[in-house]
Amino acid sequence: NAGVTQTPKFRILKIGQSMTLQCTQDMNHNYMYWYRQDPGMGLKLIYYSVGAGITDKGEVPNGYNVSRSTTEDFPLRLELAAPSQTSVYFCASSQHPTNEKLFFGSGTQLSVL
Amino acid sequence: RKEVEQDPGPFNVPEGATVAFNCTYSNSASQSFFWYRQDCRKEPKLLMSVYSSGNEDGRFTAQLNRASQYISLLIRDSKLSDSATYLCVNSGAGSYQLTFGKGTKLSVIP
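So the sequence lines, in the order shown, correspond to chains R and Y.
The first sequence runs 250 to 362 under my numbering.
The second sequence runs 8 to 117 under my numbering.
No wet-lab data here; the hints were simulated from the structure.
A couple of the hints might just be wrong.
Here are some, though not all, of the chain Y residues that point toward chain R, as calculated from beta-carbon distances under 10 Å [what the hints assert, rightly or not]: (1) Val11; (2) Ser56; (3) Val96.
Model, not experiment: these values are computed from the prediction.
Note that the Cβ used here is the ideal one computed from N, Cα and C, for glycine as well.
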């Protein structure tokens, strides 16, 4: 049982480059989330989705975009990467919002230089 | 702004010790409360939910005090494998956004 799968695990970008972080879950969860975690800080919600075709902004959405064309996939797009986007990114999913266990992917360490 | 505050530690305790963490939250409308565990460079994993009546899972006990707006986690008979960062998490009513604390680091020493 794979759970939540994120790729890549590590990536170095140059300022201004773009990339997509992939996230796939095989638990048929409706709710999916993207968080970022800066060193010594709590996780911050970037975007979330309540089902295929529906996405909404979280606390720190600037510089990112998402899409949810299927229940399984929730990619995060970084356009014009900036050093402030250097962080660890976690994708997560849950069957119900907020009152149930979040299943996290293993994370993507992104450095923008 | 809705915040969750935790003592970052580190808490360095010997094996077998009992250790307690507290966490305060500012959103009085919070409905759900959790403790997550995060190992170094790994993803967070749910340790336990926190219920109004308090709950226990083996060596771990969680308590909620709504009047004072804090939750606690008690770990008895600490093991080396308990070394990790413990994240306090809560959610607001009608919100999809969970608020994560910065975490409390625990090191259990032989």
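Going down the list of hints, with the structure as the test:
1. Residue-level restraint check for Val11(Y) holds (minimum Cβ-Cβ distance to chain R is 7 Å; threshold 10 Å).
2. Taken as an interface hint, Ser56(Y) checks out: its beta carbon lies about 8 Å from the nearest beta carbon of chain R, inside 10 Å.
3. Satisfaction of the interface hint for Val96(Y) is found here, the shortest Cβ-Cβ separation to chain R being roughly 9 Å, below the 10 Å cut-off.
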